[in-house]
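*Asks:* Each chain, written out:
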Amino acid sequence: MFRCIYKTPLFAANAALNLKKKSRGKMSLSAKDKETVKAFWAKVSGRAGDIGSDAVARMLTVYPQTKTYFSHWKDLSPGSAPVRKHGGIVIASITDAVNKIDDLAESLLTLSELHAFTLRVDPANFKILAQNILVVLATMFPVDFTPEVHMALDKFLGALARALSEKYR
Amino acid sequence: MVEWTDAERKAIASLWGKIDVGEIGPQALARLLIVYPWAQRYFKAFGDLSTNAAIMGNPKVAQHGKTVMGGLENAVKNLDNIKQTYAKLSVMHSEKLHVDPDNFRVLAECISLCVAAKFGPSVFTADAQEAWQKFLAVVVSALGRQYH
Numbered sequence: 001m002f003r004c005i006y007k008t009p010l011f012a013a014n015a016a017l018n019l020k021k022k023s024r025g026k027m028s029l030s031a032k033d034k035e036t037v038k039a040f041w042a043k044v045s046g047r048a049g050d051i052g053s054d055a056v057a058r059m060l061t062v063y064p065q066t067k068t069y070f071s072h073w074k075d076l077s078p079g080s081a082p083v084r085k086h087g088g089i090v091i092a093s094i095t096d097a098v099n100k101i102d103d104l105a106e107s108l109l110t111l112s113e114l115h116a117f118t119l120r121v122d123p124a125n126f127k128i129l130a131q132n133i134l135v136v137l138a139t140m141f142p143v144d145f146t147p148e149v150h151m152a153l154d155k156f157l158g159a160l161a162r163a164l165s166e167k168y169r
Numbered sequence: 001m002v003e004w005t006d007a008e009r010k011a012i013a014s015l016w017g018k019i020d021v022g023e024i025g026p027q028a029l030a031r032l033l034i035v036y037p038w039a040q041r042y043f044k045a046f047g048d049l050s051t052n053a054a055i056m057g058n059p060k061v062a063q064h065g066k067t068v069m070g071g072l073e074n075a076v077k078n079l080d081n082i083k084q085t086y087a088k089l090s091v092m093h094s095e096k097l098h099v100d101p102d103n104f105r106v107l108a109e110c111i112s113l114c115v116a117a118k119f120g121p122s123v124f125t126a127d128a129q130e131a132w133q134k135f136l137a138v139v140v141s142a143l144g145r146q147y148h
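Just so you know, the protein sequences line up as chains E and A, in that order. Going by the working numbering, the residue at position 107 of the first sequence is 107; the numbering climbs one at a time, nothing skipped. Going by the working numbering, the residue at position 146 of the second sequence is 146; the numbering climbs one at a time, nothing skipped.
I should point out that these hints are in silico values taken from the structure, not numbers from a laboratory. Predicted, not measured: the structure shown is a model, and the values here were computed from it. Just to be clear, a hint being listed does not mean it is correct.
[Unchecked claim] Keeping only pairs whose Cα atoms sit at most 20 Å apart, straight-line, the calculated SDA-like set for lysine to any residue is:
id: 1; chain 1: A; residue 1: 134; chain 2: E; residue 2: 66
id: 2; chain 1: A; residue 1: 118; chain 2: E; residue 2: 44
id: 3; chain 1: A; residue 1: 134; chain 2: E; residue 2: 124
id: 4; chain 1: E; residue 1: 155; chain 2: A; residue 2: 106
id: 5; chain 1: A; residue 1: 118; chain 2: E; residue 2: 142
id: 6; chain 1: E; residue 1: 85; chain 2: E; residue 2: 130
id: 7; chain 1: E; residue 1: 32; chain 2: A; residue 2: 50
id: 8; chain 1: E; residue 1: 38; chain 2: E; residue 2: 141
id: 9; chain 1: E; residue 1: 127; chain 2: A; residue 2: 105
id: 10; chain 1: E; residue 1: 155; chain 2: E; residue 2: 45
id: 11; chain 1: A; residue 1: 66; chain 2: E; residue 2: 63
id: 12; chain 1: A; residue 1: 18; chain 2: E; residue 2: 142
id: 13; chain 1: E; residue 1: 43; chain 2: A; residue 2: 120
id: 14; chain 1: A; residue 1: 88; chain 2: A; residue 2: 75
id: 15; chain 1: A; residue 1: 118; chain 2: E; residue 2: 141
id: 16; chain 1: A; residue 1: 118; chain 2: E; residue 2: 146
id: 17; chain 1: A; residue 1: 77; chain 2: A; residue 2: 1
id: 18; chain 1: E; residue 1: 127; chain 2: E; residue 2: 143
id: 19; chain 1: A; residue 1: 134; chain 2: A; residue 2: 1
id: 20; chain 1: A; residue 1: 118; chain 2: E; residue 2: 151
id: 21; chain 1: E; residue 1: 155; chain 2: A; residue 2: 77
Same shape as in the complex, but just chain E:
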């Protein structure tokens, strides 16, 4: 005899509660993820300028289609002034986002509007830049870039990208 437990009130109530706790968005950042990101970022932020610059340089080299957004630059080579400057801007925004990690959507509203209406960067490129940031972090901090840190950062950069895409349409 099969007794269906799924329809009992207790099971349903419990299931609903669990759903409410978990359903806060696609793979949202857990408290542990946020801690991990903050701790790692504190370790690496001393080299923020280099990280940003190298990530942008790699993005332009490895994914040449991204150069289409920078046709107004005189020099797109790694280490050039525009690349260094832009890397600095991007990494400063990421550091800011780390500090506001509890409310990315709200804190990135203005930046989202900028990317949506003025810059019109195809959101697919956020993932590309994120991949290059991870590569740079792996090269510069091989010991600290553990699988746990890798996962938390991957989730964080994904959440960042989503927050940036908020205002697109």
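Mind docking chain A on chain E? Use the hints.
*Replies:* For chain A alone, kept in the frame of chain E given last:
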């Protein structure tokens, strides 16, 4: 037909020459299973994957990582014919193993990160990264080619 510049061929050969498949392979596969845990669906027969420590210490994961990484040797040796070289493996992954080909892309990313961490910025330069990731992208595409 994939076009490789001389610089890219050199970069790929140079990196491959430095890579220890027994080291990078296990690291990359462990990372895949930790960072993208849904990939564990293909490894139910591998025993304990319940914690990150279990995954990192799992001998079957290590062995399989080494096998997969070693499989890249065929691609390095057949840069101008990767599609053909991997045709049978592609069929196998599709018809026998039923692996979602997106996993190949994601494993390739993990491999690149392990290589990056191992060799640092002076060896894994932007140009080296470009060649290496292009190489892996071609392999990933070949592995997904025979799916239907």
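*Asks:* Each of the hints needs a verdict: does it hold here or not?
*Replies:* We went through each hint and held it up to the structure:
no.: 1; hint: A/134 x E/66; verdict: holds, 15 Å
no.: 2; hint: A/118 x E/44; verdict: holds, 18 Å
no.: 3; hint: A/134 x E/124; verdict: holds, 18 Å
no.: 4; hint: E/155 x A/106; verdict: holds, 14 Å
no.: 5; hint: A/118 x E/142; verdict: holds, 7 Å
no.: 6; hint: E/85 x E/130; verdict: holds, 18 Å
no.: 7; hint: E/32 x A/50; verdict: holds, 18 Å
no.: 8; hint: E/38 x E/141; verdict: holds, 15 Å
no.: 9; hint: E/127 x A/105; verdict: holds, 13 Å
no.: 10; hint: E/155 x E/45; verdict: holds, 19 Å
no.: 11; hint: A/66 x E/63; verdict: violated, 29 Å
no.: 12; hint: A/18 x E/142; verdict: holds, 17 Å
no.: 13; hint: E/43 x A/120; verdict: holds, 18 Å
no.: 14; hint: A/88 x A/75; verdict: holds, 13 Å
no.: 15; hint: A/118 x E/141; verdict: holds, 10 Å
no.: 16; hint: A/118 x E/146; verdict: holds, 12 Å
no.: 17; hint: A/77 x A/1; verdict: holds, 16 Å
no.: 18; hint: E/127 x E/143; verdict: violated, 24 Å
no.: 19; hint: A/134 x A/1; verdict: holds, 13 Å
no.: 20; hint: A/118 x E/151; verdict: holds, 18 Å
no.: 21; hint: E/155 x A/77; verdict: violated, 36 Å
Consistency note: the structure conflicts with the earlier hints numbered 11, 18 and 21.
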